[in-house]
Amino acid sequence: MDHTEELFRQLTEASGVPGYEQQVRAIMRGYLEPGSRIEQDKLGSIIAVKSGEASEPRVMLAAHLDEIGFMVTQISEEGFLRFVPLGGWWDQVMLAQRVVIKTAAGDVHGVIGAKPPHLLSPDEAKKLVEKRDMYIDIGASSAEQARSSGVRLGDPVIPVCPFTPLSVPQVYMGKAWDDRLGCALMVQAVERLARESHPNTLYAVGTVQEEVGSRGAKTSVYDVNPDVAIILDVDIAGDVPGIKPEESSIKLAKGPTVLLYDARMIPNLALRDLVISTADEEHIPLQFSAMPGGATDGAMVHIHNAGVPTVVIGIPTRHIHSHASIIHRADYEHALQLVVSLIQRLDGATVRRLAQ
Amino acid sequence: MSLRELSEAFGPSGNEAAVRQIVLERIRPFVDEYRIDSIGNLIALKRGTGQSSRKVMVAAHMDEVGLMIVQVDRGGYLRFRPIGGIDPRVLLAKKVLIGDQRIPGVIGVKPVHLLDSKARQQVMKVEDLSIDIGTMGEDDSGRAVKVGDYAVFDTHYEELGPASRTVKGKALDDRAGCAVLIELLRDRQAYDVYGVFTVQEEVGLRGARVAAYSIAPDAAFVLEGTICDDLPKDKDQSPTTKLGDGPAITVMDRSFIANQSLVQLLLRTAEQNGIPCQLKQPGLGGTDAGAIHLSREGVPSVAVAVPVRYLHSPVSLLSLDDLDNTIRLMRLALPEVSSLSLAH
Amino acid sequence: MKKLIQQLTEEFGPSGYEAPVRDLIKSLIVRHVDEVRVDAMGNLIARKKAVPQNGIASRRIMLAAHMDEIGVMISYIDDKAFLRFTPIGGVFPSTLLGSRVVFTDGSVGVIGREKPDHPDELPSISKMFIDVGAKDREHLTRKVGDPATFTRPFVDIGERLVAKAFDDRIGCAILIQSILNNTVSPHEVYYVFTVQEEVGLRGAVTSAYGVEPDVAIAVDITLTGDTPEAQPMAVALGAGPAIKVKDRGMLAHPAVKDWLVDTAKRLGIPYQLEVLEMGTTDAMAIQTSRAGVAAGVISIATRYAHTPSEMIDFADVQGAVSLIDGLLGAGLPF
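Protein chains in written order, with the working numbering: chain A, 545 to 900; chain B, 1140 to 1483; chain C, 2 to 335.
In short, the hints are calculated from the structure, not lab data. For glycine and all other residues, C-beta sits at the position ideal for the given N, C-alpha and C. Certain hints may be false.
[As the list claims (entries may be wrong)] Taking lysine-lysine pairs in the DSSO-like style, the calculated list, with each CA pair at most 30 Å apart, reads: (1) Lys1381(B) to Lys128(C); (2) Lys266(C) to Lys81(C); (3) Lys1285(B) to Lys798(A); (4) Lys1285(B) to Lys671(A); (5) Lys1285(B) to Lys1264(B); (6) Lys3(C) to Lys1381(B); (7) Lys670(A) to Lys659(A); (8) Lys1194(B) to Lys27(C).
[What the hints assert, rightly or not] Example chain C residues on the side facing chain B (calculated, C-beta under 7 Å, incomplete): (9) Gly17; (10) Pro21; (11) Thr87; (12) Thr142; (13) Gly146; (14) Gly211.
Build out the structure end to end from the sequences listed, making use of the hints.
Here it is in structure tokens:
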């Protein structure tokens, strides 16, 4: 495993549902601390300040630390755990998945139970099982037994999927690429910029609670008060069966994406065009993303205080918001080159022009 | 009155530069200062006489609902998504203008001959529609139009009949408010007036939020073009507002509850001066006031609107009498704000 | 304290029209705090200075309870003087039939319904109206835009209490009682009685910005799972104040949650943990104010929330007051 793969492994295998990002934050701190000054907002977002040639403009780079998961809400008399989702889950991808419950007493393993096909009537088999009817089986046979394993109401529940390189070179499977891939990119962008120059001060922010409404982005942008912002997140790859080109034309290995608009943000058009021209000059393939039903931390960042010119750069990812997603290293490397080149172009005069 | 020019200007949410330019030319002779902030709001200051230390924000939004090109398909047709709330049923067979070059196109529709009976009963989804700019393929279209370009409806402003005071045009929501605000900035008040022409209202009150933060006003008026559904109905149900009944004042909508002192000021001013006015039916719609009133420690706010029929469609209607009465009402009410008690 | 609760729940105060509640609370607390002010939105903000104690770091703590209740507003008046209305906050149509509403001037109306198209049709608000008994429009004094709220007297049925608007006058009562208990605190405490919670936490947004606290606790109601065939939920009446872990709008700050739990344990106050699937509180807005605020929630388990007959357990209320007094009296563990 090379340095990048090791970074991917550590970040995707870390546990960090919204509100419980401690482990991811600690990993990020370990990578970012050597070259930067580290701050933290009161919700838990981590902010690494990396000085460049000039103290201004203030460039905010943001990726979210949290992943989607669940929380225990009830322990049934028979010892099964009822739960609620943290972040957006589609019921159909949850059944029979392995999970781990992070209790105060340590990890408790379990599986989201599913009725065997032998017992399903033909009618039942066609119906979607709803989240509220699902349960986690930790092998207990009574509430008492479940409790004695350490499980308490409010404990976070994490999907299980180890980092796995696939048979095709440079393609990886894992959980939580959304948005640990953005976190990895942020780490490596900061590492690159420690060796190269940049005409600004960089604030690399690992935000918390994105999946439940970009809450950490709202508070961390207040701390940073940036002049310009770049959001790093995954994007939906549409090159799988069942997604029509008019729903998403984004393909794996065809380059990073730049956001045209989403449900909660229209990017600053001049900054968007700077991303396009930067990609062009650096010979980086670029795809376009329009996401009427989704949003990113940019939603909170771009309307902070008197407004922040903001853009979103995405990395195509298959099967997001499920246990196992797939990415391509080439898209990541291109995105890294794009982000570094973009930051190097964000000098005072350029950033002032964005706000016209 | 610059309503014609304002209505015909190209200004979907996020791309309001052309509207801003028109407004700026109009107000430059009589405002004391102006600036364009980072999200694109035009913030004009009409200084007060110094007799009052208040700051009052008067806002109207420049943006209109529109479309964004998201894909050029192999046939050269342009796939698009709506920017702001558009009923897909109003899109079919409409003319549009695309991008900085204002390239004309039409939202294509299958001839009725080819539709089976089931298809005729269904509403087309936006994802299934495309714009035809008359080109012969992907490369041809790709030269003329870029992914990310905006489009707006191509509608001419017109007066309906020689004797009519009703006019038709696109984007009267909220170019009507912009027209009112331009007139109001001629008057000097005892206090500083910040006339704010906001951006991105239609996608979530985004411009107003940042403008209110940077101005930190003591009170705010939002000028709007609002829902007017006064057509005859089967049942006795209330219209949101009625065309010709004068400016519509908001007591409560989905985005905010208006400040009582400001509502009373407007109602009192209308009554004392014989200006027709109406209350907008409570509970419906939302305006920039939703963002402004929550700024910092809170801003007492109210919304006043010109009734507009068929808003968010290619053709909307308003009464010039309503527009004039909105200007009159605001013109008479604004001087009173310097001595108005806004405390609870 | 029951007298205080009765006074508060019977007062008029739908979202945006909280003045009578605010005036009442102000009169009750003004002599017991160091400063009282009302902000531009109408929030009542009372401050008690810190009393420094050796070895304890002083923090700024915001306690929030909302003054507003759900209600209705007249949207249209027909030719025969029947009033159509729109909800203020989350009003369930099924609880409206047979309800009485009261306007600012104390006059009363009853809610009627159009003939249903089908016998088993669920009532919808657009098919209901308020009848104030006016013979015709000339005799009607009501106007479009007039707010109204539900009217129902407070009843003390022993351990349990029934009233309208426990959501969130019970939170107000708990804060007031805490002020009157006059606990000596090493912290600067802001008691904030917020407006417009039911229409989107709007008062909390502006008051949190103004107060700029280090730590915040909202005191509000929550649902229960202890009635027949209820939506499953591990919260019950009488099991003590509920300490929130999560609701639809927020995840309580883990350190604040632990502080509440540990304080309850230290003082021997029974408590329960709460995960609420629907709804949220002012703490959501406070938590993301400025650069973030460590926030938590103390909830009072409430049956039949958002109906004119909400039910709570008085011991839960007393437990919440003791818990708050315990929190304010000591240093923070974080």
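Now the hints, each set against the structure:
no.: 1; hint: Lys1381(B) to Lys128(C); verdict: 22 Å, holds
no.: 2; hint: Lys266(C) to Lys81(C); verdict: 61 Å, violated
no.: 3; hint: Lys1285(B) to Lys798(A); verdict: 18 Å, holds
no.: 4; hint: Lys1285(B) to Lys671(A); verdict: 43 Å, violated
no.: 5; hint: Lys1285(B) to Lys1264(B); verdict: 23 Å, holds
no.: 6; hint: Lys3(C) to Lys1381(B); verdict: 50 Å, violated
no.: 7; hint: Lys670(A) to Lys659(A); verdict: 13 Å, holds
no.: 8; hint: Lys1194(B) to Lys27(C); verdict: 29 Å, holds
no.: 9; hint: Gly17; verdict: 3 Å, holds
no.: 10; hint: Pro21; verdict: 12 Å, violated
no.: 11; hint: Thr87; verdict: 3 Å, holds
no.: 12; hint: Thr142; verdict: 16 Å, violated
no.: 13; hint: Gly146; verdict: 4 Å, holds
no.: 14; hint: Gly211; verdict: 4 Å, holds
Checked against the numbered hints above, the structure violates hints 2, 4, 6, 10, 12; every other hint is satisfied.
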